[in-house]
Each structure stands twice: as structure tokens, then as C-alpha cells.
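Protein chains: 2
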Amino acid sequence: MSDYIRKAKFPAILLVLYVLVPLAHAAPGQDTKPNIVLVLMDNFGYGEIGVYGGGVLRGAATPNIDGIAAEGFQLTNYNVEAECTPSRAALMTGRYGIRTRQRPDGPPRGIWYGITQWEITLAEMLSDNGYATGIFGKWHLGDTDGRLPTEQGFDEWYGIKHSSDRAFWPDSYSFAPDSHPDAVFDYVMTGFRGQKPTEIAVYDRAKRTMIDREITDAAIDFIQRKSRENQPFFAYLPYTQTHEPVEAHPDYRGKTGNGSFADVLAQTDAYVGELLDTIDELGLKEDTIFIFTSDNGREGVPRSFGFTGPWRGSMFSPYEGSLRVPFLIRWPEKIPAGQVSNEVVHQIDLFPTLANIVGIDLPNDRIMDGADQSNFLMGKSEKSARESVIIYIGNELFGVKWRNWKMLIKEIDENSYAINRLAYPSFYNLLVDPKEEVPELNYLNDTWVDFPLYQVIEDHEASIAGDSGAPDP
Amino acid sequence: MSDYIRKAKFPAILLVLYVLVPLAHAAPGQDTKPNIVLVLMDNFGYGEIGVYGGGVLRGAATPNIDGIAAEGFQLTNYNVEAECTPSRAALMTGRYGIRTRQRPDGPPRGIWYGITQWEITLAEMLSDNGYATGIFGKWHLGDTDGRLPTEQGFDEWYGIKHSSDRAFWPDSYSFAPDSHPDAVFDYVMTGFRGQKPTEIAVYDRAKRTMIDREITDAAIDFIQRKSRENQPFFAYLPYTQTHEPVEAHPDYRGKTGNGSFADVLAQTDAYVGELLDTIDELGLKEDTIFIFTSDNGREGVPRSFGFTGPWRGSMFSPYEGSLRVPFLIRWPEKIPAGQVSNEVVHQIDLFPTLANIVGIDLPNDRIMDGADQSNFLMGKSEKSARESVIIYIGNELFGVKWRNWKMLIKEIDENSYAINRLAYPSFYNLLVDPKEEVPELNYLNDTWVDFPLYQVIEDHEASIAGDSGAPDP
Chain V
1170 MSDYIRKAKF
1180 PAILLVLYVL
1190 VPLAHAAPGQ
1200 DTKPNIVLVL
1210 MDNFGYGEIG
1220 VYGGGVLRGA
1230 ATPNIDGIAA
1240 EGFQLTNYNV
1250 EAECTPSRAA
1260 LMTGRYGIRT
1270 RQRPDGPPRG
1280 IWYGITQWEI
1290 TLAEMLSDNG
1300 YATGIFGKWH
1310 LGDTDGRLPT
1320 EQGFDEWYGI
1330 KHSSDRAFWP
1340 DSYSFAPDSH
1350 PDAVFDYVMT
1360 GFRGQKPTEI
1370 AVYDRAKRTM
1380 IDREITDAAI
1390 DFIQRKSREN
1400 QPFFAYLPYT
1410 QTHEPVEAHP
1420 DYRGKTGNGS
1430 FADVLAQTDA
1440 YVGELLDTID
1450 ELGLKEDTIF
1460 IFTSDNGREG
1470 VPRSFGFTGP
1480 WRGSMFSPYE
1490 GSLRVPFLIR
1500 WPEKIPAGQV
1510 SNEVVHQIDL
1520 FPTLANIVGI
1530 DLPNDRIMDG
1540 ADQSNFLMGK
1550 SEKSARESVI
1560 IYIGNELFGV
1570 KWRNWKMLIK
1580 EIDENSYAIN
1590 RLAYPSFYNL
1600 LVDPKEEVPE
1610 LNYLNDTWVD
1620 FPLYQVIEDH
1630 EASIAGDSGA
1640 PDP
Chain R
1170 MSDYIRKAKF
1180 PAILLVLYVL
1190 VPLAHAAPGQ
1200 DTKPNIVLVL
1210 MDNFGYGEIG
1220 VYGGGVLRGA
1230 ATPNIDGIAA
1240 EGFQLTNYNV
1250 EAECTPSRAA
1260 LMTGRYGIRT
1270 RQRPDGPPRG
1280 IWYGITQWEI
1290 TLAEMLSDNG
1300 YATGIFGKWH
1310 LGDTDGRLPT
1320 EQGFDEWYGI
1330 KHSSDRAFWP
1340 DSYSFAPDSH
1350 PDAVFDYVMT
1360 GFRGQKPTEI
1370 AVYDRAKRTM
1380 IDREITDAAI
1390 DFIQRKSREN
1400 QPFFAYLPYT
1410 QTHEPVEAHP
1420 DYRGKTGNGS
1430 FADVLAQTDA
1440 YVGELLDTID
1450 ELGLKEDTIF
1460 IFTSDNGREG
1470 VPRSFGFTGP
1480 WRGSMFSPYE
1490 GSLRVPFLIR
1500 WPEKIPAGQV
1510 SNEVVHQIDL
1520 FPTLANIVGI
1530 DLPNDRIMDG
1540 ADQSNFLMGK
1550 SEKSARESVI
1560 IYIGNELFGV
1570 KWRNWKMLIK
1580 EIDENSYAIN
1590 RLAYPSFYNL
1600 LVDPKEEVPE
1610 LNYLNDTWVD
1620 FPLYQVIEDH
1630 EASIAGDSGA
1640 PDP
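For the record, the sequence lines run as chains V and R. So for the first sequence, the working numbering puts the first residue at 1170; every next one is plus one. So for the second sequence, the working numbering puts the first residue at 1170; every next one is plus one.
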């Protein structure tokens, strides 16, 4: 078997290994329980942060977040699912969003209403291994009994069930409260494991400006408490910004003079700075993995004015502006400082990577799509443990990336979200044509890429065909 | 007069000052004659270099060029003319390309065939003040007697008269040598002040791959000679890459495995590294201003696969992908290290800035459009000395930038280069909508920008109306 086919098959081979045997852990994972702080932005594009070409160019410097890159590792080819719920499902489970689907043949509404109890979340894995787990922010992975975050592995929660579009409703002059039983306002919630969460306040436009401040405060309080208790912690901060409405806290409103998006960027950088300062002041810097990333690319223009940097398109598309988001990770003395890599990584890799670092066996009763990136991140390998990613929007397979190549079997009309099936696939060389401008031209010399690209899709489809889905409840 | 109008008028006011009196020089300019190395890429977009979001993302790391940013100042809003000849004219004279035009009402061909002897070039200014001056690379500012670089202030020259598109001709099976007396092959030239330059070799496809290597060698030889002679030097390196054809030197062909553009990027970074090493090894690091920049944005896709980073469009357009290019400047102990700024700067500023640093009076018999940026670059002011730039393509005024706003009175169809006049101008907020996607939406709240934007155009047009043009010969 030739080399490129073998490598293309790597994910499938790895899957088999995962299912059959618990993996031996890499040496660095032995006996370490670093704290983990995971900051996840919402609909936040690749280009916002200074080190990704934003910052002052967007009207607000981001020195604190840039500092994570300076002290850690910056990825320029970190891939995610194309929309909020599948992305959060993938991040929490180490499995492609498509595997956590609940009604593949059901009606359009509610396909993505979260993950079943059967799924093992990052929080459950860490909690089962001695971690204190807190979520501060947006869940969006289920709003029914048994599917709230404090029932999915988190000890405590401060935040919202759904998404920030509901913050428009209480202030809307045209909201119809009798329209449908599920069309209800969102509430800021608080809850603890084993207790029913309580509603604190309606999530309206005023609260929307405040919530990321409150999330930060709650997370800092959690970190300080767990530090005092000497318990390793997993603090998950799914911030609500920069989902629309993008409106800054009163402390930051108008602060940059460059509009609300820049104000929110300045605010976010300040909040991340507070988190970093908290870790540093508690003397936990060397014992804490700090990650800054996003769930998916920006919302579509003119709905919102996020910035994907050079990449084409917005979320809900198969283009790089949907799929590539910032990923910065800092773990002093373990992860070399100041590194930048364009190797292919996917958000599903975080689960097995953290499992290995902490020294936890992966579940062997389900397909894990993630690859362990601990050697790559810790500078022991220049190569990522993955060469390919599968691209979905909703339940539809759109294509595949393999190394610097991309094949789309469907494209999106970016104005209408119309799905265009293609009589012949589109091929992009993402190094030569990063903006995905000319699908055929760069492919003419390199039609050999058909083989590895199709192989990845075939392997994935075979794996999906053998996957009976996530059982209820 | 309100503050924003006053600031908008700043360039016009400055012009008057320049014309009336020699400016007092800032203190740092006294008695200093730093060496100057000016590397100018050809049709090289904003996004190619690592610190501008390229590097590994383009298939070739650029550690040497990135190092200039780490040790110096990186501009993210450095503006140029939209095409080669006016850009080089502006860079050499400190005046907008439109002022150096020779036949404003003439036929299309030849409008941009260079600058007259009457213009004062950067090389003439420095040469008149004790500098050794060498040009190594592409001139493109006149090919007739009296207009070659060794007649415009350079002591010596190694390079080409015209542009690299002519390198296709000797290898073309369809070239017609009898077509026109001016349709002749280009030659690699060498020449010295006071002598007629000589032709070394036909500039064909093979030579095209070699010439940037030769330019580097010739420049290094010049720098070493002038260092031995203890004479301050101005080494101008207008490289021929990445104008089409983009084909690497045999030493770099296939080196990255990522195609010819990436190979050329790796090659260019290595050559710049050799220049930096030469300066450092000669002990001249603190005495040398080292600049890396470009003449204009990438060529249009699918003609070439340059990368503008996030910016829209290509050269010959009024969009940021045409106008914004990389600008890195290093001068240890004078220019603070590691700075990044999105302040508006234009290539015409280099002439008065270097004049002030070296302590030279600006010419007072002509309009100088450039602003002295020495205080800004040396960290004495956070603000650029300019807030606005005028946008031309050829002899046509397209619009204006003022702070983060842009107004276009004409747009370009990017597929056809068709010029679209507009019944109502397009307004872009470049911080909120960096990709120039939605001209009206961000302007609705801020129609006050009409005043400063139109004021800049009116001042410029009044200045042009009073400018009799560059006299022959």
C-alpha cells in the first residue's frame, strides 16, 4: 500500500485501535493532573485576535490573548464543525457532530438539540478522574431533563441553556408569547450537580451585555475555590460573545471608539487577562493548561461583522471561514513557547489529547474520531496526529480536507445558504489558493489527490454506516 | 474649524509648509547618516509573510523576514499606488504617482513610462548628501536615455529596465520579433554612473529563475565594499519576484513541496536572511535602517496566486488587497522593537522621513505629498503624521481613505477590470468591514464621515489643479 493511502487511512485505523484496546499512554501523561481552563468563543472568526491578523486592525488590541500565543502554541489550521451545537458536541465528546445526532431522519427542527446522556463528555471524563468541573457560559447541548450541563459531568454551572439570539426576544416589540410553547425567553441559570438548576434572570438585551462579565467572575471564583481546596479543576468558559447581538458591557461600551464589535473584542481580551492573572497569582501557571478557541467561524454578513481573516465564507458553510478558528494553548514548560503550526488539527482531538495528558483510558465502547495530539502540542513531533478532516453541515456531508487539499462534493451559495450539488467536485489547494477562489486551476497538475481524498471519505462513510448512533436517553 | 476638518486638511497644510520653507529637522536627524537597505518586492501581497498571516500558511516559513518585525516595526495599514510604475515613482520621489505623470491627456500606452530627470529621487537626495547608492533589481521608471537608474541618482545598477512579463517572450513559440520596434526582449543590465549601461544576458525564463540570486549577490558585494570604504550607503533591492512568472531558482525549485510560489517565498526569505546576516556580520546592525516592503498587491487570480491576506481584490483595483502591502522596518535602538500599528502610512512618506533622519532639507520647488513619519516610527508619537490617502488607478481618481473610513467614487469589476462609476459613492468602515463587503450598511450611523472624506478629495484636487506637472526631460 502506498504511503499516501496509508496515511489517509490513518484515522480509520486509529478508530479500530481505540475500539479494541485501551491505548498505552505517553509518558507525559503519567501522574499529572494539570488544571484545564478552556475558553470557547461563540461565532468568533479566525481573524479577530492580534496574532491572527486582527487586534489593532479590528480596532482593539488583544495583548492578553496574544500573550497565550507568545507563551504557547498557535494553530493556523484548527478545524471545527460549521455551527454551534455540533461543534460543542464534538468538543465535549471527541466525536464528529454527526455521530451525536439524535434524529438523522427526523424533521429539520431539533436535529441538533444536544447530546444524549449516553455520550461521555470531557467533563464526565475529568470528573470521574478527580477533577472539579465547572461550566460558565452557554451550554446549547440540550435543554430537557437529564441533558443539562450539571447532568452531563459538570459540578456547577452559571450561564444559559440556549443561544444569544433569544436575547432579542424580550426586547422585541413583535414577540408573540403565545406563538409556541417552546418559543420562550432564555434565563440566566445557576445549578449544581444533583440539584435542579434555578433561573436567575431573563436573558434580555440588558443582561446580554452583562453576562460575559458574570461568567468571568463566576469562573474566577470557581478557580480560586478549587485552588484553595487543592483539587485539580476543569473550568469551561463558553462565552456568549461574539454571537449576535454583539453589545459590550457598560464598562466597555464606546471604549474603543471603533464600534460595538471592537468594544466587545477589547472586553473579551480584558476578561481573558483576568483569568490569566488569576491563574498566575494563584501560582498555578505551570500547572494549568489554558486554551483559547472558538466554536465556529463568524456569522454571515450582513447579520454580523465578525472577521474570518483571509478565509472565505461564514459559519454554516464548508469554506475555511467556517471551519478554521483560532486555537491557542499555553502550558509552560510542557508546551514549547512561541510555536506556530499549519498542521491539520480538529476540535475532536481535544478529548483524547487531554485524556492522554491526564492519564485516562479512552472509552472502548464507541467510535472516537479524535486523535491524540499531545506529542504534537508538546513539541515531540512536528506532525499532527491527523492529516484529514470530514466536513459536514447539519447531517449533510460536504467534503474532506487532506493535508493542504480540499474536495467539496457540495458547495454553498453564500448569499442564500442554498446547497449546490456539483456534477464534478471542487478541489482547492489551500496553500496556493487559500481563499478558495479557483476550484479547478490548481488541481490540473495534481489529480493524484483524488486517491487520498476519496479514501478519507470512503473510510468515514464505512465507519458511519457501522455506527448505530447515540442511544437515548 | 472643527477638529476633524482640521485634521483632514493636514496634508494640504503640510504641503504648503513644504513649499514655503525648509523644515526644521527633528533632533534625531542631526548628524546621523545610517545606511539604508530597502527591499522592494514585486506584486507581492499583504499576506505572504509569517507575521502578516502567511509563512507556514502559504507553505513556506519566513523566519528571517519575520525577524525584522520582531526587532522592528510592523505596519498593517501601509498604502501604495495600485500598480508598478506609479508605485515606484511615488517611492522614489515622495510624491503621488499622479504628479509624476508625463502625458495626462496622451494615449493609453506609455502614460506610465517613468519619471523625468526633473524629479528628485531618493537616490539623488541621498547621493547629494554623501551616500553611495546602488540599485539591484527592477527599475521600471524609464528606459530611454537620461532616465535609466544610473542617470537618476544611483552610482551602480545590476538588474532589468522593465518588468518580468517580458521574460516570457524569449521562450514563447508565438513571439513575433517583427511586431513593433519597442516589443523587444529585456536584458539583464549592469551600469555605473556616467557610463552607458551594458547588456549582460537576455532576460528569459531561465534567467528569470536566477536573477533574484544575482541581485542579492550584487547587493551584498556593494554593501561589503561600501562598508570597507566607510561610506554610508543606500542599497535599493527591487526584487523581481513575485511578479509572474513565479519560478524559483534551481536551488529552491521543489524545495518546499508546496509549489513554485512557496518555493519562491522560501527563496526570498533566505535571500533577505543573507542580507541581514551581511549587515550584522559587518557590525552595521545599529547603523542600518532595513526595510522590507512591496510595490503593490498581488496580481489578479487566476493570472497568479499571490495572497493579499484578508484584503479584497488585487493590484489595479481600489481595494485594500491592491493598496495595503507589508512594511517592516528595523533600526535597532532608534525604532522600538516588536511594534505593530494600524495607523495610516503611505509609501510617499519614506522620502521625507529618510530626509529628516539623515538631516536633509526637502526640495522647496515642488509639491511633496509625503509626510515625515520619523517621530511615529521612532516611537515618539503613537499617531502617524497622516490620516488620509488618495487612491488612483492610472490617471483616474477612485477615492480616498481617512482614518478607518474609505470612500470610493468608482469601483472595479474584479473579473474584467471594468471601471464602474457610481451614482452614489461606496463607503467602507475598514475596522468593522475589513473585507469591503457591504458598502452602505456601516455608513448609515456615520454619515458625518462625508465631511472629512470629501475635504481630503477637494484639497487634493485643488492641489493637482495648481500643479503644472513634471517638466521634461
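Hints listed in this document are in silico derivations from the structure and should not be mistaken for laboratory results. Be a bit skeptical, because a hint or two may be false.
Identical copies carry no separate label here, and so any pair may be met within one copy or between two of them.
[Said to hold, decoys possible] Lysine-lysine pairs mimicking DSSO-like chemistry, simulated, CA-CA at most 30 Å apart:
#1 K1202 / K1579
#2 K1549 / K1424
#3 K1503 / K1376
#4 K1552 / K1424
#5 K1376 / K1202
#6 K1365 / K1549
#7 K1365 / K1503
#8 K1552 / K1365
#9 K1552 / K1454
#10 K1503 / K1549
#11 K1549 / K1579
#12 K1503 / K1552
#13 K1202 / K1549
#14 K1503 / K1454
#15 K1376 / K1579
Here the structure is a predicted model, which is why all the values come from computation and not from measurement.
Evaluation of the provided hints:
With identical chains, the CA atoms of K1202 and K1579 are never at most 30 Å apart, being 43 Å at best within one copy and 61 Å at best between copies. For the homomeric pair K1549 and K1424, the shortest alpha-carbon distance between copies (24 Å) is at most 30 Å, but the shortest distance inside one copy (43 Å) is not. With identical chains, the CA atoms of K1503 and K1376 are never at most 30 Å apart, being 39 Å at best within one copy and 48 Å at best between copies. Taking the closest pair of Cα atoms, K1552 and K1424 come within 30 Å of each other only across two copies (18 Å); inside a single copy the shortest separation is 42 Å, beyond that limit.
Within a single copy, K1376 and K1202 get their C-alpha atoms no closer than 36 Å, and across copies no closer than 60 Å, so neither meets the 30 Å cut-off. In this homomeric assembly, K1365 and K1549 never come within 30 Å of each other (Cα to Cα): the closest approach is 45 Å inside a single copy and 59 Å across copies. In this assembly of identical chains, K1365 and K1503 lie within 30 Å of each other by CA distance neither inside one copy nor across copies; the values are 39 Å within and 63 Å between. In this assembly of identical chains, K1552 and K1365 lie within 30 Å of each other by CA distance neither inside one copy nor across copies; the values are 45 Å within and 55 Å between.
Taking CA atoms no more than 30 Å apart as the test, K1552 paired with K1454 passes inside one copy only; the shortest distance there is 27 Å, against 36 Å between copies. Taking the shortest alpha-carbon separations for K1503 and K1549, only the intra-copy value of 10 Å comes in at or below 30 Å, while the best inter-copy value is 39 Å. Taking identical chains as interchangeable, the C-alpha atoms of K1549 and K1579 are never at most 30 Å apart, the minima being 37 Å within one chain and 54 Å between chains. Taking the shortest alpha-carbon separations for K1503 and K1552, only the intra-copy value of 17 Å comes in at or below 30 Å, while the best inter-copy value is 40 Å.
In this assembly of identical chains, K1202 and K1549 lie within 30 Å of each other by CA distance solely inside one copy; the values are 20 Å within and 48 Å between copies. In this homomeric assembly, K1503 and K1454 come within 30 Å of each other (Cα to Cα) only inside a single copy, at 11 Å, whereas the closest approach across copies is 35 Å. Taking the shortest alpha-carbon separations for K1376 and K1579, neither the intra-copy value of 40 Å nor the inter-copy value of 43 Å comes in at or below 30 Å.
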